[in-house]
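K.L.:
Sequence:
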Amino acid sequence: MKKKINIGFISTNPPTDRRVWSGSIFKIYESFIRQGFEVTWIPIKYTPKDLNLFDKIAALYYKIFRRGFNKNQFMIKSLIGAKRISQEMKGKNIDVLFAPTSATEIAFLNTQLPIVYFNDATFHQLLNYYGAMSGFGYLSKKATCFIEKKALQKATHLVFSSEWAAHHARDFYGIPEKKISVVKFGSNSEVPEHINLNKDYSQTIVFLFLAVDWERKGGAIALKAIEILREKGYPVMLQVVGCTPPVTSTAMEVIPFLNKNIPEEAQKVKDFLNNAHFMFIPTRADCTPISFCEAASYGMPIVSTNTGGVSAHIEHGKTGILLSEKATAEDYAIEIEQLLNNPENIRQMSINAREKYERELNWEKFGVDMEQIIRSVVSS
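In the working numbering, the protein residues as written are 2 to 381.
Derived from the structure by calculation, the hints contain no laboratory data. There's no promise every hint is true.
[Unchecked claim] Restricting the straight-line Cα-Cα distance to at most 20 Å, the calculated cross-link-like pairs of lysine to aspartate or glutamate (DMTMM-like) are:
hint : residue 1 : residue 2
1    : Lys-225   : Glu-336
2    : Lys-271   : Glu-194
3    : Lys-366   : Glu-194
4    : Lys-319   : Asp-332
5    : Lys-366   : Glu-89
6    : Lys-200   : Glu-356
7    : Lys-151   : Glu-194
8    : Lys-269   : Glu-194
9    : Lys-142   : Glu-178
10   : Lys-3     : Glu-31
11   : Lys-269   : Glu-254
12   : Lys-225   : Asp-201
13   : Lys-93    : Glu-39
14   : Lys-366   : Glu-191
15   : Lys-200   : Glu-338
16   : Lys-319   : Glu-361
17   : Lys-50    : Glu-39
From a predicted model like this one, the values you see are computed outputs, not experimental measurements.
Could you build the full structure based on these sequences and the hints that come with them?
P.N.:
This is the structure:
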């Protein structure tokens, strides 16, 4: 009989909260429960005094250097965070700590318990890649990398959602490869039992742009590519779900933010996924977008950019189209046009996408893989 393992789940919000990290924290929690683990929440609780101190440090840094300051990773916060976690662990019968994205809090954590760290990227990769991680001063960037390296060294095992992130942890921080695993995300929407392989391409062909960030997700490129195709006579439309673009177009339908925690709105998202012909998100910067797992579960070919960890979810020419970061709207229009003129290729991509979901991009697979890792670190 398997030993009942109690996982200490380090997170700011309860792991039962479906709103955090696009719902992934809850799905991870759910997969642990499904594998027979007990889960104890170890909350990250900074006091108002702590937060006030962090703000003052950031303001002082800017006053001196006139550069941005990363308030998520710096020494004082890391030391205080470790102390807060230690306090929360007292009196709890825990076998292993699971720390999703919590590098700051575990870097200086004094514990003999094994730690499994999980993330979709290293913070170093995101510096000047994501807008929110850009503009930091030299010393702030050094502190960010120092703390992350300490955390990755401290952890017993590292799990990333893509080879892109895993290889960077190995190559940049010198983490031994045997200490790193890749376990991919699943879909955070309800998955259909069967996919629809009989969609009508003679009427309006819907390209779904399911995202909350129009600019970072490449909305302008997607819209222009669709407009180019319409000018050539193709009955295509960009269906924007989740954000409000700063422009209007007859080639675009806009459905603002939908809350998946509200059943009626969650059903609308499922309907959009079920009825769209393609997902089209030529993202400018990304790790491993959950929306691509959702598209794959519906057997939807995905058109996107070969950036960050996106290739973990899309195989160019097999489950969709991946173009370089330098690709223009015209480049996307050319690739899409070729696909529209080969319906059998679209059908095969749909089949391949669903197969990839069933093989790699689901939470059942995530749970099985994580169970092996967690039991290994507990028994070693």
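K.L.:
Next, verify each hint and record whether it holds.
P.N.:
Against the structure, the hints:
For the hint pairing Lys-225 with Glu-336, the CA-to-CA distance comes to about 14 Å; that is within 20 Å, so the pair holds. Restraint check for Lys-271 and Glu-194: the C-alpha separation of about 13 Å stays at or below 20 Å, so the hint holds. For the given pair, Lys-366 sits about 17 Å from Glu-194 by alpha-carbon distance, which is consistent with the 20 Å threshold. In summary, the hint linking Lys-319 to Asp-332 is supported, as the alpha carbons are separated by about 18 Å, within the 20 Å threshold.
At roughly 31 Å between alpha-carbon atoms, Lys-366 and Glu-89 are farther apart than 20 Å, so this suggested pair is violated. Annotation: proposed proximity of Lys-200 to Glu-356 holds, straight-line Cα distance about 18 Å (limit 20 Å). Annotation: proposed proximity of Lys-151 to Glu-194 is violated, straight-line Cα distance about 44 Å (limit 20 Å). In summary, the hint linking Lys-269 to Glu-194 is supported, as the alpha carbons are separated by about 18 Å, within the 20 Å threshold.
In summary, the hint linking Lys-142 to Glu-178 is not supported, as the alpha carbons are separated by about 25 Å, beyond the 20 Å threshold. Annotation: proposed proximity of Lys-3 to Glu-31 holds, straight-line Cα distance about 19 Å (limit 20 Å). Our distance criterion of 20 Å between C-alpha atoms is met by Lys-269 and Glu-254, whose separation comes to about 14 Å. At most 20 Å may separate the alpha-carbon atoms for a hinted pair to count; Lys-225 and Asp-201 exceed this at roughly 23 Å.
At most 20 Å may separate the alpha-carbon atoms for a hinted pair to count; Lys-93 and Glu-39 meet this at roughly 12 Å. For the suggested pair Lys-366 and Glu-191, the alpha carbons sit about 16 Å apart, so the restraint of at most 20 Å is met. With a C-alpha separation of about 17 Å, the suggested pairing of Lys-200 with Glu-338 holds against the 20 Å cut-off. The suggested pairing of Lys-319 with Glu-361 holds, with an alpha-carbon distance near 15 Å, which does not exceed 20 Å.
Restraint check for Lys-50 and Glu-39: not satisfied, since their Cα atoms lie roughly 33 Å apart, outside the 20 Å limit.
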